[in-house]
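Student: So the chains spell out like this:
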Amino acid sequence: MTEIVGLRDALISQIDGCAAGAVARPGTEADAVDGVVPAIVAEPGSPEAVAAVLGWASDHGRSVVVRGGGTKLGWGPPVDAVDVLLSTRALNAVEAHRHGDLTATVQAGAILADVNAALAAHRQWLPLDAPHGERATIGGIVAANDSGPRRQRHGPPRDLIIGMTLARADGVRAKSGGIVVKNVAGYDLARLLTGSFGCLGVILTATFKLAPAAEASRTVQATLSEARQFAQVAAGLLARGATPTAVELAWPPPTMLLRFESIAAVAVQQAEQAAALVRDGGGGVTVLADADEAAAWRRHEARIFGGGGTIAKLVVLPSDLSATLARLDEAARGLSLDCEVVGRAGLGVLYLRLTGAASAQASLVRGLRGRIPAGRGSVVIRRADRELRSLVDVWGPVGDGLPLMRQVKRRFDPRGILNPGRGPGGL
Amino acid sequence: MPVDAQFLAELGRIVGPDHLVRDEGELSTYESDGLVSHRSRPRAAVLPETAGQVQAVVRLCRRVGVPFVARGQGTGLSAGALPHPDGVLIVMTRMNRVLDIDIPNQRITVEPGIMNLEVTRRVAPDGYYYAPDPSSQVICSIGGNVAENSGGAHCLKYGFTVHHVVGVEAILPDGEMIHLGGAAVDSPGLDLLGVLVGSEGTLAVVTKVTLRLLRRPESVRTLLAAFDSTDAAGNAVSDVIAAGIIPAAIEMMDRTTIRAAEAAVSPGFPAAEAVLIVELDGPQPEVAARFEQIEAICDRNQGWGVQVARDEAQRGRIWRGRKAAFAAMGRVAPSYYVQDGVIPRSKLPEVLRRIRDLERRSGLTIGNVFHAGDGNLHPLVCYDDAVEGQAELAEEVATEILSYCLDAGGSLTGEHGIGADKACHMPKMFDEADLATMRFLRRAFDPAELCNPDKLLPTPRLCGEVPGPYRAHPVEAAGVAERM
Ligand SMILES: Cc1cc2nc3c(=O)[nH]c(=O)nc-3n(C[C@H](O)[C@H](O)[C@H](O)COP(=O)(O)OP(=O)(O)OC[C@H]3O[C@@H](n4cnc5c(N)ncnc54)[C@H](O)[C@@H]3O)c2cc1C
Chain A
1 MTEIVGLRDA LISQIDGCAA GAVARPGTEA DAVDGVVPAI VAEPGSPEAV AAVLGWASDH
61 GRSVVVRGGG TKLGWGPPVD AVDVLLSTRA LNAVEAHRHG DLTATVQAGA ILADVNAALA
121 AHRQWLPLDA PHGERATIGG IVAANDSGPR RQRHGPPRDL IIGMTLARAD GVRAKSGGIV
181 VKNVAGYDLA RLLTGSFGCL GVILTATFKL APAAEASRTV QATLSEARQF AQVAAGLLAR
241 GATPTAVELA WPPPTMLLRF ESIAAVAVQQ AEQAAALVRD GGGGVTVLAD ADEAAAWRRH
301 EARIFGGGGT IAKLVVLPSD LSATLARLDE AARGLSLDCE VVGRAGLGVL YLRLTGAASA
361 QASLVRGLRG RIPAGRGSVV IRRADRELRS LVDVWGPVGD GLPLMRQVKR RFDPRGILNP
421 GRGPGGL
Chain B
1 MPVDAQFLAE LGRIVGPDHL VRDEGELSTY ESDGLVSHRS RPRAAVLPET AGQVQAVVRL
61 CRRVGVPFVA RGQGTGLSAG ALPHPDGVLI VMTRMNRVLD IDIPNQRITV EPGIMNLEVT
121 RRVAPDGYYY APDPSSQVIC SIGGNVAENS GGAHCLKYGF TVHHVVGVEA ILPDGEMIHL
181 GGAAVDSPGL DLLGVLVGSE GTLAVVTKVT LRLLRRPESV RTLLAAFDST DAAGNAVSDV
241 IAAGIIPAAI EMMDRTTIRA AEAAVSPGFP AAEAVLIVEL DGPQPEVAAR FEQIEAICDR
301 NQGWGVQVAR DEAQRGRIWR GRKAAFAAMG RVAPSYYVQD GVIPRSKLPE VLRRIRDLER
361 RSGLTIGNVF HAGDGNLHPL VCYDDAVEGQ AELAEEVATE ILSYCLDAGG SLTGEHGIGA
421 DKACHMPKMF DEADLATMRF LRRAFDPAEL CNPDKLLPTP RLCGEVPGPY RAHPVEAAGV
481 AERM
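Protein chains in written order, with my numbering: chain A, 1 to 427; chain B, 1 to 484.
None of these hints come from the bench; they were simulated from the model. You may find that some hints are simply not true.
[To be verified] No more than 20 Å apart at the CA atoms, straight line, and that leaves these computed lysine to aspartate or glutamate pairs for DMTMM-like: (1) K157(B) x E215(A); (2) K428(B) x D407(B); (3) K208(B) x E176(B); (4) K313(A) x E340(A); (5) K313(A) x E48(A); (6) K157(B) x E292(B); (7) K208(B) x D400(A); (8) K157(B) x D159(A); (9) K208(B) x D281(B).
[Said to hold, decoys possible] Label pairs and their calculated CB-CB ranges: (10) R360(B) x G100(A): 19 to 29 Å; (11) G281(A) x D407(B): 52 to 62 Å; (12) A264(A) x Q314(B): 44 to 54 Å; (13) I103(B) x R333(A): 29 to 39 Å; (14) A276(A) x G52(B): 47 to 57 Å.
Each residue gets a CB set at the ideal place from its N, CA and C atoms; glycine is no exception.
Next up, chain B with everything else stripped away, as it sits in the complex (with noise of 0.2 Å):
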């Protein structure tokens, strides 16, 4: 049954008509996430204030039969918030209060809402942090977060956000609540948070989450360091990996994206083909000798103008240079595409080659900005819209990246998540008892389909669609933000 005039009712009781969106134009707002090529305008959204709301929207649909996505900040970058467009949009962004901080346990409960920055500001004051970064902290939820299972910078280290979620609750597809793990460590049961966390938002609607936070380390130590290749920089991640060292962080920027940076923030990068910046923390010891042994490791790979941060400003410089890449990209290029997929990191230099070569074959520049600690690529795919037939190239040119990453034993995604955007793809992974094995899953929670539907496998009403170029997502052009 569609959503008629007493459906929207009933939801604006449920909500209260404020917090119920039907106006065309305010749903716009709502019709992509941060991959603006896909777009959709639901039938309606609603803003709940509890998860009782939640509930009571979640049972409706699902009495009538209406799909139903949840939305937290819409950074995504995958279209996994891509609205159904005869179905429902539960906005999460008013669920956003702190509701307990346990220091001594070292966790926090928050509703999905909040801000990813914002649980670290509220425990900063006690030392502690909470570990998962995404370069888009200031705006973008943990709901959201735990729906993609999100990375950062320092996730080489301390791992991702599925290491950090202790305990949920969350709305089933047919409106029961349930809690899964608890702010204890280990719970009797099947592992069903393990699974929840990545699944995009396609299992359940989460509206309580329980962290866990970390105290702050001893001691930090910054490098950057320049080299005349990437082949030279990727073998000088491989090296220190090998050498049993694991970095808070080891990021990589060439030359594309270096300028990039210099035009934007001008953080002193030097001219090169690429650098790196490898970020150790813990007890103060362990830091100093580690960093030895990795100034000795990129001089073994000529790396040059290597400069250390003596204090948190230039700390902070060398960052804002990493950082700002990825926005900055527009002053390098009119469009580009990103790409997100992963190899194993011993291989970067043999795959950046190979990019590297498809940058000469196709003409079009191909920038990377990147998780080189974890092997999670991040190309950049420039292009001219204005040029005849640019973007077509310029998309072939992603997707054959994506098999370099495929053909070196790599994944599509490393934090983007698949979403609407890479379900296509997903066959070219995983094979169809693989795909099918998900699906028992998916049957599990969601018999009826009406839990953002149409993501994370392959549907054939949806991979009829091609999928478009990447634009910067209103928030970064504005360089609120920037991207990993």
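The following block holds chain A by itself, in its conformation from the complex (with noise of 0.2 Å):
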């Protein structure tokens, strides 16, 4: 034991004296991805420092995690053993708010709501939602492809990004695209390292085109009578040429918010319009604004990430939508579980709660899967305790583009140290 301990006391000092800026101890408790505890913390305090940090693992084989926020270290398949834990809060500023532009470049250990604190002097921002921004940084956002309810207007991480600077698993340093909005010189290396679960480089900075801070916001809350609704309202508002940032679902029971941002003129009509779609169906309706309209959405969140049990993705076309709902209320009832969804209903994205036996969790999972056609759609398994992981794949089926993925794994870290075997596909 005191060997070990010797051993890992001469590494930290070791990482210490090669990366210049790194603060690297001995984990703790506290510091455990899912459930086991790292060996060695390191929080390096510049970019050279996460690449120097990088290449003294990569020389010695060592195996590396890269922590945000830690909203999202339990995702993935079970973790054996972490060497290092390299923690990116240190790396936190928003580099450059080039609001003439609507762009910004920000390290990857800044918090989503900070940036957008900072962003907002100029009356913009970077339009994400995803689950946990008071937590989320950049870097686990834009690593994981996360996103909220506005995806349907602004689209995921993977549509915003213009540029990245990045740490190799050699630790050299790297970067793709540039601070323009329109580019095409050279692979786009940013799109790739976007929702690659730090398998293949830590993203050391992001650089996103950015939003106009929407003048007004008005949100309907809808009920439904029946799940079967959800569709018919999300096209019925999209038939009538209405531009909403959200067409959320919540069930059960069966509940929508549509929210709509632009001048308040228009904000307020089309919020109206949508009100009276939803009552000419039966529904029952109330316009939220400011306050209120604010709690709406963060219990809407809750709902999901608020929560215990599993959570996973289900994506659907949106015309499977309905059936899908359908069939998974039979399956959940079937199995005794309890099952929650809230999700993109224009989109056809979908975020499911569980609880309940893990056994019946898989077959729930692995029933589903079943369904789905190649390329129609897709389940993946976001966070569970240890024995659904063990019992099904968080994965599913990735399709024939695995082995090519592995390639493009082996060329980018040779070695195996980045997140190993925990990236998409088990990479």
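Join the two chains, each given in its own frame, into one complex according to the hints.
Tutor: Printed below as a string of structure tokens:
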């Protein structure tokens, strides 16, 4: 035991030595990744130091897991051991807000809410409303390509990112893209790293195109009589030329939140149109603004992300939404599982929160996957206890691109030190 | 191993003898893309009709070690589809069917040889359209758009090709067929689709594409305003963006390109130093409110001669003027170079001023007609081949403009791509580590380096060559299409 501690301490001083500005210390229970205490926690204070930590880990064949806000560390297959937990917390600056260009460059460890508070000085924002915005970092959100309800209008991070600097597994720093909104020079590695779950490189900074803050916002809270009406309302809105920024469903019982952001006249008018559409279908509505509106959206996020149990992401085509929900309801009942759903009715992206026996949850996930043809959707487990993750593959089928993904991983991380085995598709 | 009789016979068996081109004269059709200064004849060209044939051709090339290059309609402007002299050119134009239209999910699945505009034509009756609108849209293929991540005037608000491709089927350089993405929005796994779009045909041959469709906006309004300097027009653009307005399009033309457009199609533009064309779309009251703001911004920057399109005919006239400008350049200059550099849009006045100075110093006319809202310049350096040394001077001037773009924090190319043309400029924008990291990706896809080699990344073989001047693409010269 003392021998291991001695070795670890030697490694820590080596990291500190080779990565000037890195603070390395032994891991503690509080640092546990998926229940596993990392041997070393490194919190580099500069991009150079991040690269140096990686270079060291690569030379010594040590595994590295990156931690931003720690909101997604339980994602992916179970972990066996973590040598180095690399925290990006010290890299949290908004490096540049080019408000005249509607772009910003942000360090990976910056927290989404803090970034948006800074950008608000010029009435702009990074139009991402991913869950846990008060804690989640830009690096983590980009690495997971995570987004929230207003994806309906603004798209996920991969649609907003225009440049990136990264530290490679071998400790070399590189960049892709730039600071301009239009750019096709070279391969778009920023998009490749977006959604790569830390398995190809460590994101140091990301540059995004921003959106102007909307002048006004209204949200229609609708109570429907049946889940079948979700798709009707979503399609009805879009067919009437409405331009909602969020078309959210929550279930059970079937409710929707429809958000309109524009100049005041348009937000109010479109909200009223939407309210009429829901009323005509026999539903009940309240139009929310200001503090009530903000509170409704917080409750909506908390329904899934504020509770316990398993969280899974279920993607289907919008036209398959009603049938999928019906099947889900039936399956959950049959397996005695509690199931709550929120999601993007206009896009077919749903988040499920499941509670109940792990074996039953595993059957539900397998059953859903079995019914989704290739290219028409997927079920990915985001957060779950170890038992469920040992019963069922968290990613599900990745398709015939998997061997190529493995080749990409091998080129970027030949020694397999970055988040080993936990990248998408088990990379 | 080289291309020999047996190899050619095998190619013929795969695509059918009628779709194998070996004749030198016929092959000359394919020796360049829209950038005709780069020319090279392939050993053979094939015109496959199915993904299976593409796969068989790629497999054969891989087995024998013969390089291959995919070609769409050959309208590219960076010599991306330039054939390899020892290789096979895979011409995708026969694969041009619509495979599926799914209006409820706003999707269309097509073969890559289909023309861009044809996609919109097919869904227009349902009130939908395909957003990316390169001005070559009547003559360029979706496969080429996917490879170049093409843009267009309306990409300011709606994004580029990469934002509208949700799935592809492709043949990898080893002959394997893969499917990336799909009809649904997210697929588990690395986003290889996001990096395949814009990879300039160097990673795979795309055989099927699923695209996102958009609903036609409720209302559209178009305005044209004149300015006494490109500075003032550039300031107006910066002010629009700074005011938090994202129009559907903001385009700028300068004195030279206005003159060219007037000579060609007489759109009735004012004889000014610069004009801006601004288009807004969306819900009617929003468009109306933003329109007032834009008029005020033009006013503040001493804009004059404001024309507002009152109907589709007037809107069409304004856009015709804008789109004709490029093709009409021939009326004001015997030859010209075109650049595709990008700058931060807040730096428009500054960079345009540097270009004006350069124009004065060099004695060459430099026109400009471009996507101002995105900061994507298209400077046209005019010269006369008949004047000794002018072609060389023009080339130097064009390269200097690129350096202004990079100085301003911009990019070598906004939509035309790197291709063979700008590969040797890549080290000006990316350092060795950046380029080496890009090579990781290329090697993962194409370890044998057979798929459109010598494009996009600098190679010693390529970078000994000097890029040549721009000449009108035959289709463009014929006035069928215009460049933006
Ligand atoms: C008059 C004119 C106006 C233009 N205006 C614009 C504009 O506004 N915006 C803009 O972005 N561009 C513009 N362009 C450039 C050009 O039209 C685009 O780059 C277009 O996308 C090229 O399509 P293509 O079918 O002609 O492709 P090609 O020129 O044949 O090929 C382009 C690249 O795509 C690759 N490729 C083609 N098909 C496939 C496939 N199936 N699989 C893999 N790789 C493939 C080729 O290898 C090559 O690298 C213009 C060009 C002209 C001549």
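Student: Run through the hints listed earlier and report the numbers of any the structure violates, in increasing order.
Tutor: Checked against the structure, the hints that fail are numbers 5, 9 and 12, while the rest are satisfied.
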